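Student: Below are the chains, spelled out letter by letter.
2 protein chains.
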Amino acid sequence: MQLISATVPILATATETADSSMVLAAVLLSLVVIYFASKVGGELCNKVGLPSVLGELLGGVVIGVSVLHLLVFPEGGTDASNSLIMSFLQLTAGLTPEATPAVFAAQSEVVSVLSELGVIILLFEIGLESNLKDLMAVGVQAVVVATVGVVVPFAAGTVGLMTIFGISAIPAIFAGAALTATSIGITSKVLSELGKLNSKEGQIILGAAVIDDVLGIIVLAVVASLAKDGAVDVGNVIYLIVSASAFLIGAIVFGNVFNKSFVAIADKLKTRGELVIPAFIFAFMMAYLASIIHLEAILGAFAAGLVLEETDKRKELQKQVIPIADMLVPVFFVAVGAKTDLGVLNPAIPTNQEALIMATFLITVAIIGKVVTGLTVFGQPGINRLAIGVGMIPRGEVGLVFAGVGAASGVLSKPLGAAIIMMVIITTFIAPPLLRFVFPESNTATNLDNNSGTTLAVETPQSLITTKDD
Amino acid sequence: MQLISATVPILATATETADSSMVLAAVLLSLVVIYFASKVGGELCNKVGLPSVLGELLGGVVIGVSVLHLLVFPEGGTDASNSLIMSFLQLTAGLTPEATPAVFAAQSEVVSVLSELGVIILLFEIGLESNLKDLMAVGVQAVVVATVGVVVPFAAGTVGLMTIFGISAIPAIFAGAALTATSIGITSKVLSELGKLNSKEGQIILGAAVIDDVLGIIVLAVVASLAKDGAVDVGNVIYLIVSASAFLIGAIVFGNVFNKSFVAIADKLKTRGELVIPAFIFAFMMAYLASIIHLEAILGAFAAGLVLEETDKRKELQKQVIPIADMLVPVFFVAVGAKTDLGVLNPAIPTNQEALIMATFLITVAIIGKVVTGLTVFGQPGINRLAIGVGMIPRGEVGLVFAGVGAASGVLSKPLGAAIIMMVIITTFIAPPLLRFVFPESNTATNLDNNSGTTLAVETPQSLITTKDD
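As given, the protein sequences belong to chains R and G, one line each in that order. Numbering of the first sequence is given in this note's numbering, commencing with residue 1123 and proceeding in unit increments. Numbering of the second sequence is given in this note's numbering, commencing with residue 1123 and proceeding in unit increments.
Take these hints with a grain of salt, some might be off.
No copy labels: a pair is met if it fits in one copy or bridges any two.
To be verified - With a straight-line Cα cutoff of 27 Å, these simulated DSS-like cross-link-like pairs (lysine-lysine) come out:
1. Lys-1255 with Lys-1536
2. Lys-1441 with Lys-1390
3. Lys-1169 with Lys-1382
4. Lys-1441 with Lys-1392
5. Lys-1392 with Lys-1437
6. Lys-1390 with Lys-1169
7. Lys-1437 with Lys-1536
8. Lys-1322 with Lys-1437
9. Lys-1169 with Lys-1392
10. Lys-1536 with Lys-1441
11. Lys-1255 with Lys-1350
12. Lys-1390 with Lys-1350
13. Lys-1536 with Lys-1169
Think of the hints as simulated: they come from the structure by calculation, not from any bench. In this text, all values refer to a predicted model and were calculated from it rather than measured experimentally.
Just chain R, with the same shape it has in the complex (with noise of 0.2 Å):
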């Protein structure tokens, strides 16, 4: 870290190339080769009918650990050597090679955080765009929903684990624990792309997600302190039990008043940045509050996206979201694929064999206990019990807290965990085009969200010349 804090700090210079000049070349190469596989990715699905994020997420396995290596990050067990960008650095910008571990630890640093971020503003965005008394109304189905998806999927993953495979208790419980996730992100920025995130529907799917992500934690602590000394830290739980409940009403308490300030300050400010400074403001310190008190961060951005959602400020704060979105939001979704290692599906690997079987049994598991979660839905004649359970499948970026916490823990045998890792991958990249296909009049709907996406330009006339291209 000595040679990153150098001291010449800010810029590049002619004669002394300090490091953070380099690292600055790093993250944006980093982000040209982001942003072109989520390009091109995404343009690439979009036109065969799927939803843009699957593209995203495939562009970043592309530029990733199991493609191509432009994009790695140091926690998958790759070091600089197997970075291209630092090859490419070294070869272009003089980066010599005692630099570069320092450099590829920053730029991966940055570029993590980024992708962090930008999971943050996605959610900020989706809290803009729901409305907390739709939510509240089907908030009885959505805990329904939750927990049905925790249980069934917990208790057929570890039960079938057990009795199938003959695996002990411990391991058993940690992978059925890692069934029951429900990746926010993933789930909530599809329903956006078709166009349903404010259909009955969609409004179920998301709130059930985020009770998922409060029971998963709490799924995570039991097991995790189960693993470590076989004994369930009882005060631990109801800590986090309490602290979550208390964040989520909290927020929807206080969001009623801190609404009115949050307008008369932004009705008072008259230098740039009036309204989106205010606003991240709040949504960086909620999710700050969630990520302290053992809540994700992302759910603290999506209270505040709610709560600004209930003001007249609302609308132009969506417009302003929407670049800054479009910018941070790619950064996501190709990291998560640039993470995810496909080498864990090759069959020519041995241990592979064995966990690819049980993989089929964890993939079976998670998807079935999952889309039978629609079935529970009651009171809501016509409604799309199908595209419920399917919203639910995706493991995503939780799947992968799970499935990295486990082998952290030693408690996994190796071809256990690569299952785990199957299943999560396999649920993630499924869900987007299962659900493009369960909402069968999607396609409008798609086009429709596509324009609002880019409600900017509608005033433009080339912008109208472009729309009609649709």
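Guided by the hints, dock chain G onto chain R, whose structure is given.
Tutor: Chain G only, in chain R's frame:
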């Protein structure tokens, strides 16, 4: 760094508080503090009729190394124990003292890169608002202003230090070189705030600041090689001149070709970010190119903005870049303020007394040496010559680079080093209010520009009410 690249990378979990979640929490908290400082400072300055960017700089000073120690950077010699944000994280988020240095280093790295992305976006936006033909029309004047603004302060500073203060040649030349810089970031932002960017004066200042940046890099290369081995590395200087010229001319020539493909590509894209993402791919690639040929990254972004300004996507792109700039640009100005150590101005410290006398001389030369450049403008009857000279005064981040290289080379005595930093601070902070006063009719212009900053909103009813408040 090992601690940072932990195995559980993506999200905060209940039991394993991976360091990456601490880094995210630290960055979120830093952004909240930065945004708060930028808005309080910016609004207060705006209220008393000063450019809001001065307020952002001052807000940065308040939260930075000089006063509150909320946002500090390792390059200032401070470590994690001096960062109030780290103490706060220890208090609220359970950050352990052992993990703190790594989190502090990562947070500083991320905030620094965000601030550099901020100034890149700023210059991209300035490029989008400028017109290449207008710039070329005043090209000769800009070259003259830049050249005089380099030669006069350099000669006066060097000779004055040698004759009046008896300083030997090499350090005097170094200090003289530091006097040549112009901060394109601060100057362009103030001009934009005053609504003067597209005035003839604004175009001359902007053009001269760009040329000054290139000249400054060459001067720095010459001086640094002088300081290193007493001789000038002619090869390096020729390389810099050739590559800088090739880059600027290449950008203009190829820009015309790229223009058309950019519009064609943006028209074909159907998924979100169809305009900003291709634009940022281009801007970041240009910034990368500029930085690897040892120019500044911001010059690349400025050139990219100029090229895209020629397309008919300009208006749409400008609108979408505004909120992104609103989010990232304040990070730059607040960080510059936070890194400014006002301790060098404290006359109670013995070395500072000698430094203060030298600083008074340097500041006088710095201001007069740039103000006279305005007098050299010819063939432009009725032009505000004083404004042009004043616009070249702020040394800003470019001056800090000179000071940093000087300090690193070891040729500067402690008082002379402190005097250079004082000169940079004073010229940076004095320029925005001075510019405001030498553009007398700027009051209406400020309001107009404030409105254009919220163009996005003009269509919605509530913002019409907001606008009326102005």
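Student: Could you place Lys-1536 and Lys-1441 in one of the four classes (within, between, both, neither) given a Cα distance threshold of 27 Å?
Tutor: neither (47 Å within a copy, 51 Å between copies)
Student: Using 27 Å as the alpha-carbon threshold, which applies to Lys-1169 and Lys-1382: within, between, both, or neither?
Tutor: between (43 Å within a copy, 23 Å between copies)
Student: Please sort Lys-1441 with Lys-1392 into within, between, both or neither, judging by C-alpha distance up to 27 Å.
Tutor: both (19 Å within a copy, 18 Å between copies)
Student: Cα distance capped at 27 Å. Does Lys-1169 pair with Lys-1392 within a copy, between copies, both, or neither?
Tutor: Answer is between; shortest inter-copy Cα gap is 9 Å, intra-copy 43 Å.
Student: With 27 Å as the alpha-carbon cut-off, assign the pair Lys-1390 and Lys-1169 to within, between, both or neither.
Tutor: Between copies only: 11 Å across chains, 45 Å inside a chain, cut-off 27 Å.
Student: Checking an output row: Lys-1255 and Lys-1536, CA cutoff 27 Å. Within, between, both or neither?
Tutor: neither (46 Å within a copy, 64 Å between copies)
Student: Given identical chains, is Lys-1441 near Lys-1390, meaning Cα to Cα at most 27 Å, within a copy, between copies, both, or neither?
Tutor: The answer is both: 20 Å in one copy and 22 Å across copies each meet 27 Å.
Student: Have a look at Lys-1392 and Lys-1437 and pick one of within, between, both or neither, based on CA distance no larger than 27 Å.
Tutor: both (19 Å within a copy, 23 Å between copies)
Student: With identical chains, the pair Lys-1536 and Lys-1169 could be close in the same copy or across copies; at 27 Å between alpha carbons, which is it: within, between, both, or neither?
Tutor: Cα proximity of Lys-1536 and Lys-1169: none, with 39 Å in one copy and 64 Å across.
Student: First find the shortest C-alpha distance between Lys-1390 and Lys-1350 inside one copy, then the shortest across copies, and answer within, between, both or neither for a cut-off of 27 Å.
Tutor: Answer is neither; intra-copy 53 Å and inter-copy 54 Å both fail.
Student: Quick one: Lys-1437 to Lys-1536, C-alpha cut-off 27 Å, is that within a copy, between copies, both, or neither?
Tutor: neither (50 Å within a copy, 55 Å between copies)
Student: Are the CA atoms of Lys-1255 and Lys-1350 at most 27 Å apart within a copy, between copies, both, or neither?
Tutor: Neither: 41 Å inside a copy, 69 Å across copies.
Hint check: violations occur at hints 1, 7, 10, 11, 12 and 13; the rest are consistent with the structure.
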